[in-house]
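**Student:** Now for the letters of each chain:
4 protein chains.
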Amino acid sequence: MPAKLRDNAYGKSRVRLTKVVRRVGMQELFEMSVDVVLWGDFADSYLAGDNTKLIATDSMKNTVYVLAKEREFDSIDAFSFEVAAHFLETYPQVAGVSVSIEQTGWQRITVGGAPHTHAFVAGGGERRTCQATLARDESGATRIGGIKDLMVLKTAGSEFSKFVEDRFRTLADARERVFATSIDAEWALRAQPEDFNGLYDRARAALLETFATHHSLSVQQTLMAMGEAVLSACPDVGSVGLSLPNKHRIPFDLRPFKLENRNEIFVPTDEPYGLITGTVTRE
Amino acid sequence: MPAKLRDNAYGKSRVRLTKVVRRVGMQELFEMSVDVVLWGDFADSYLAGDNTKLIATDSMKNTVYVLAKEREFDSIDAFSFEVAAHFLETYPQVAGVSVSIEQTGWQRITVGGAPHTHAFVAGGGERRTCQATLARDESGATRIGGIKDLMVLKTAGSEFSKFVEDRFRTLADARERVFATSIDAEWALRAQPEDFNGLYDRARAALLETFATHHSLSVQQTLMAMGEAVLSACPDVGSVGLSLPNKHRIPFDLRPFKLENRNEIFVPTDEPYGLITGTVTRE
Amino acid sequence: MPAKLRDNAYGKSRVRLTKVVRRVGMQELFEMSVDVVLWGDFADSYLAGDNTKLIATDSMKNTVYVLAKEREFDSIDAFSFEVAAHFLETYPQVAGVSVSIEQTGWQRITVGGAPHTHAFVAGGGERRTCQATLARDESGATRIGGIKDLMVLKTAGSEFSKFVEDRFRTLADARERVFATSIDAEWALRAQPEDFNGLYDRARAALLETFATHHSLSVQQTLMAMGEAVLSACPDVGSVGLSLPNKHRIPFDLRPFKLENRNEIFVPTDEPYGLITGTVTRE
Amino acid sequence: MPAKLRDNAYGKSRVRLTKVVRRVGMQELFEMSVDVVLWGDFADSYLAGDNTKLIATDSMKNTVYVLAKEREFDSIDAFSFEVAAHFLETYPQVAGVSVSIEQTGWQRITVGGAPHTHAFVAGGGERRTCQATLARDESGATRIGGIKDLMVLKTAGSEFSKFVEDRFRTLADARERVFATSIDAEWALRAQPEDFNGLYDRARAALLETFATHHSLSVQQTLMAMGEAVLSACPDVGSVGLSLPNKHRIPFDLRPFKLENRNEIFVPTDEPYGLITGTVTRE
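Protein chains in written order, with my numbering: chain A, 10 to 292; chain B, 10 to 292; chain C, 10 to 292; chain D, 10 to 292.
In short, the hints are calculated from the structure, not lab data.
Careful: at least some of the hints might be erroneous.
Which copy is meant is left open, because identical chains are indistinguishable; a pair holds if it fits in one copy or across any two.
[What the hints assert, rightly or not] Listed below are the simulated DMTMM-like cross-link pairs for lysine to aspartate or glutamate, each with C-alpha atoms no more than 25 Å apart in a straight line: (1) 157 / 279; (2) 171 / 280; (3) 256 / 218; (4) 13 / 218; (5) 171 / 262; (6) 267 / 174; (7) 28 / 111; (8) 256 / 158; (9) 256 / 280; (10) 62 / 175; (11) 267 / 182; (12) 256 / 44; (13) 256 / 168; (14) 13 / 292; (15) 28 / 218; (16) 13 / 59; (17) 256 / 111; (18) 267 / 67; (19) 62 / 91; (20) 157 / 44; (21) 78 / 175; (22) 13 / 50; (23) 157 / 218; (24) 157 / 111; (25) 157 / 280; (26) 78 / 262.
Use the sequences and the hints to build the structure in full.
**Tutor:** Written out as structure tokens, the structure is:
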């Protein structure tokens, strides 16, 4: 039967890595999961089982560990670029490469009021992310930073009202509701920042402070405000993509028990959830 | 600060639904999870908190249950189209809509050699999927069917050798290896099939039989063969996208124990995993 | 401070293992996860960091793979006993050992109407389980077989009514409800069965058929009927412990939409869930 | 067939609850998941489908929300006792009850250097736990506090050596290894503390500080030290049960790449894992 291969890509996912930098005094800890994707001149393997040009995904995995050893870096953003550049420079059959990293946060344990030199406790559930994409024709070079699963909740300062009223609506207008979400944000860089870690800290703080202080008329409006806040705090960022699942806290109906629920007692739910997305850019 | 909203969309995810069709003799069971995404004239909510045109995601959820009651359907593919068309036809502010469904499989319990009329046991871990996307300007209308998490494994008939040899390679050539993967496939329809359920059954059988009988020189080659097999079995399918994670079974090193591992004893692993993707189309 | 160690145990969990038996014609496949727990004379390691008597959990892991290679077995029940006996016989400091195994099911792919010799597709989500516990003083020797996560659902033949009526009740009597559960069962053997695989098949069939055909007045009553059915089908079983989470399918309220829900449209939920447990023994 | 019901219990699991206490100035937030288990005179439902004495698990769920509204409490420990006492006092057919709660941590978002009055960000992945068990004959009354999934890691100060050397050992002695674990601890109270929250904070700090500063010769030894530290910090605690999975960080073998791994580059793994358990009591 006449068939053809329209597009293809392959790589290694979930390469988990711990790197300890054993400085005198303070030891540094990086824990991350790395995904590598390659595209290019690999059709022979798909069409004929000819693997001559194929870099084994096992070799990709080895490469991540070897480069983690050989290169010094102070951010996952820097490391993702090193890995991506390595693949593009080393293998002529690679047309493009994307390296994505998720970092799990560790905080130093406090002992006697001071941060410990080499003992850590897991931070919040959120992960710092980044992605470096490089292509041989330069067109596709992008650097992205981000954060995933940053869970936040506010018990006041959130309304939702005056939306479409028709046969399918049963939800009442709410002047005060619990607003909980798990922030996923990705910011595309328009310039190389001097300090990737500082940029991350400013972007994270902008997201949290805006969530806390913005009086919300809709999740959509809060998304826009968060995007603007990141752009404002980070001059090197060109645009911000946000995805905000509405993790509903549903008021429990206390009327059958002759009680009034004064916005106190809720059922936290995971599904279904509203999902609000948008990308905010500079003018 | 001058910022603007570049793109936006919103919807409801994980609307879980059980529908029982209580026919005399045999009762039918559908269990599914529905995701609805809308885009269109919704910027006022993002920019000004004006929700006048916003259909609440809670109303979307209600709509799914109401349509599940009012409409008769015999496949999730048919139902996804009904839901998508409803949103486009009902709300002029909607420019486009995408409805994705995952169906969990239930098989009738066998009692006395015969399938039971109303008792079911969960099938394999795989889920049938579909997606109907409709846009007001017709350009974007697509119908997709698919399958997720179809776990397969073969203990023979799989090689991987003669790939790139360099500093980063430690993996030896393998003339016989265990090949395990979790098939994710999506097929784009080029014509309306008479029978969505028959098409699904033929596509699933083509994937399984090809996996079993194709002598594999690489996961890439097997992917191509699977795509061709689905196209061959299903004339209404125009192209097939496949994603095949290589769920490695790593030979356990028995040499320290003075034993030889004759391709018998393996460590099944979840991570890291190779990930091979490609799209196969008709010429 | 005066403190003491009251009890202790340690072991290795989630030792995942694939064994392929390469017979001519048909290849056999076992995939399992093994947990080993030891107790005995290990207090020196807790109290003084003296590891002289400690068998490293890494060595336990090695042992599982080595024994999987060296021993022939046709069931996880047989293998769990071999592993347990090995630890008790090899190390005098071990007072007792428990080996628990979960097996993931694989079914042969059908090609041309016949089961394939070496290609498999994942079975249902359930896992077969077993546990062998041996103690040096013989008192504690037990053999247990079981099944986990066997998801079943019936759309008729289930009632729940006339339960306690008081201030906290809002649930109405139900003459017909959807009954969905995920069966966890463990059967303690009172005699060594000739055929562990046959016993498992009979127990599983007894659970499924009873679920399908028993007219249920409560989950509790169905639990009792299932336990009796396993005892009846398996003379070597002395008692059956069952745990049945009530995976509620909640009728969706269609009245706001001027529709009647004739027991057709439900919301499947994961939480909260009722949890009904009990142990059924011979008189 | 002659069968009998040996033991039985039932209840409601995963009752998720958010309570907001709207004080002027600072709003308080509790989020928890509650499990209720009852035992007593319920055999009629198992044996005859007679539900007269059965409290529906749906009513249990309602009870949790109603009591959360009606009662004031400042800790999950206090609330678990209120719920348990309610069931024992209200229903004569209840012989005993156990109420277990897991609390998810929320921390106030910092805005302008100060904690916000009503906006929160998720804390670490750990959960605070408690369990109140009450029986009509008083014998079984126990109060337990605890913590789950407190992830910690140290990059120095951990050895493991001189363990059993035999055919199954391949692990070398380690003078310096990464030690990562996810602490699960439960402390049984011997007296009613004045302040449950203070006790929890002291126990958590004792666990973290001991992990950081104790020079570890084995996970077992660290477990003992942690248990002693909790007993020392909390006079109201009578015993501490600990479960410490060894979340191995395995040194990546860099020798094939002509590099030396000076304890820098590791593969973090989830399975298999060593599991070390023990209970530490007062003399």
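**Student:** All hints, please: hold or fail.
**Tutor:** Now the hints, each set against the structure:
no.: 1; hint: 157 / 279; result: both (17 Å within a copy, 21 Å between copies)
no.: 2; hint: 171 / 280; result: within (24 Å within a copy, 32 Å between copies)
no.: 3; hint: 256 / 218; result: within (19 Å within a copy, 35 Å between copies)
no.: 4; hint: 13 / 218; result: between (52 Å within a copy, 20 Å between copies)
no.: 5; hint: 171 / 262; result: both (23 Å within a copy, 23 Å between copies)
no.: 6; hint: 267 / 174; result: between (30 Å within a copy, 16 Å between copies)
no.: 7; hint: 28 / 111; result: within (14 Å within a copy, 33 Å between copies)
no.: 8; hint: 256 / 158; result: both (12 Å within a copy, 23 Å between copies)
no.: 9; hint: 256 / 280; result: both (8 Å within a copy, 15 Å between copies)
no.: 10; hint: 62 / 175; result: between (59 Å within a copy, 12 Å between copies)
no.: 11; hint: 267 / 182; result: both (23 Å within a copy, 21 Å between copies)
no.: 12; hint: 256 / 44; result: between (28 Å within a copy, 15 Å between copies)
no.: 13; hint: 256 / 168; result: within (15 Å within a copy, 34 Å between copies)
no.: 14; hint: 13 / 292; result: between (42 Å within a copy, 6 Å between copies)
no.: 15; hint: 28 / 218; result: between (32 Å within a copy, 23 Å between copies)
no.: 16; hint: 13 / 59; result: within (16 Å within a copy, 49 Å between copies)
no.: 17; hint: 256 / 111; result: both (23 Å within a copy, 19 Å between copies)
no.: 18; hint: 267 / 67; result: between (64 Å within a copy, 18 Å between copies)
no.: 19; hint: 62 / 91; result: within (22 Å within a copy, 47 Å between copies)
no.: 20; hint: 157 / 44; result: both (16 Å within a copy, 21 Å between copies)
no.: 21; hint: 78 / 175; result: between (61 Å within a copy, 18 Å between copies)
no.: 22; hint: 13 / 50; result: within (15 Å within a copy, 39 Å between copies)
no.: 23; hint: 157 / 218; result: within (17 Å within a copy, 29 Å between copies)
no.: 24; hint: 157 / 111; result: both (9 Å within a copy, 24 Å between copies)
no.: 25; hint: 157 / 280; result: both (18 Å within a copy, 20 Å between copies)
no.: 26; hint: 78 / 262; result: between (58 Å within a copy, 11 Å between copies)
Hint compliance for this structure: no hint is broken.
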